[in-house]
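Trainee: Between the sequences and the hints, there should be enough to build the whole structure, so can you do that?
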Amino acid sequence: MDKDNPISITFLSKEAQNEISKSVANCIEQATNDTFEFKSYPELLSQKQACEFLQVNPNTLYSYEQYGLKRYSPPIEDSRKVWYLKKEILSFIGVTET
Numbered sequence: 401m402d403k404d405n406p407i408s409i410t411f412l413s414k415e416a417q418n419e420i421s422k423s424v425a426n427c428i429e430q431a432t433n434d435t436f437e438f439k440s441y442p443e444l445l446s447q448k449q450a451c452e453f454l455q456v457n458p459n460t461l462y463s464y465e466q467y468g469l470k471r472y473s474p475p476i477e478d479s480r481k482v483w484y485l486k487k488e489i490l491s492f493i494g495v496t497e498t
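Letter by letter, the sequence shown follows residues 401 to 498 in the numbering used here.
Heads up, a few of these hints could be off.
Said to hold, decoys possible - With a straight-line Cα cutoff of 30 Å, these simulated DSSO-like cross-link-like pairs (lysine-lysine) come out:
1) Lys481 with Lys470
2) Lys422 with Lys448
3) Lys414 with Lys487
4) Lys486 with Lys448
5) Lys414 with Lys481
6) Lys487 with Lys470
7) Lys487 with Lys448
These are calculated hints, taken from the structure and not from any lab test.
Mentor: Listed below in structure tokens is the structure:
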């Protein structure tokens, strides 16, 4: 096993092994960046933030509500502003908080 390259697959060339190592490193870096961005969202998200967080459009978010995602709105008549709790979004999509 090469000490610079922990992946040692005998049927692959050195170049292929290096490409695999680079791809894995890029995936790890992206996952780390995504985790940071995920934690930077507030606990209470507006509809726009919830859509960005989930990477969906408002129609999809609305359909999630039909399947149980809870929305919150102010007790003011004719208010169109809605909010979502981040922990409830995570629970809805089956993610446990880290």
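Trainee: With a cut-off of 30 Å on the C-alpha distance, tell me whether Lys481 and Lys470 pass.
Mentor: It holds: about 14 Å lies between the C-alpha atoms, which stays within 30 Å.
Trainee: Sort out whether Lys448 lies within 30 Å of Lys487, counting only the CA atoms.
Mentor: Roughly 16 Å between the alpha carbons, so the hint for Lys487 and Lys448 holds.
Trainee: Holds or violated: Lys414 with Lys487, Cα cutoff 30 Å?
Mentor: Given pair Lys414, Lys487 is violated - Cα atoms ~45 Å apart, limit 30 Å.
Trainee: Do the alpha carbons of Lys414 and Lys481 lie within 30 Å of each other, as the hint requires?
Mentor: Roughly 56 Å separates the two Cα atoms, so the pair is violated.
Trainee: Tell me if the straight-line CA distance from Lys422 to Lys448 falls inside 30 Å.
Mentor: Violated, at about 35 Å.
Trainee: Would the pair Lys486 and Lys448 pass a check requiring their Cα atoms to be no farther apart than 30 Å?
Mentor: This hinted pair holds, its Cα atoms lying about 13 Å apart.
Trainee: Just to be careful, I want the Cα atoms of Lys487 and Lys470 compared with a cutoff of 30 Å; is the pair within it?
Mentor: Satisfied, since the Cα-Cα distance of roughly 11 Å is no more than 30 Å.
This entry does not satisfy hints 2, 3 and 5, going by the numbered hints stated previously.
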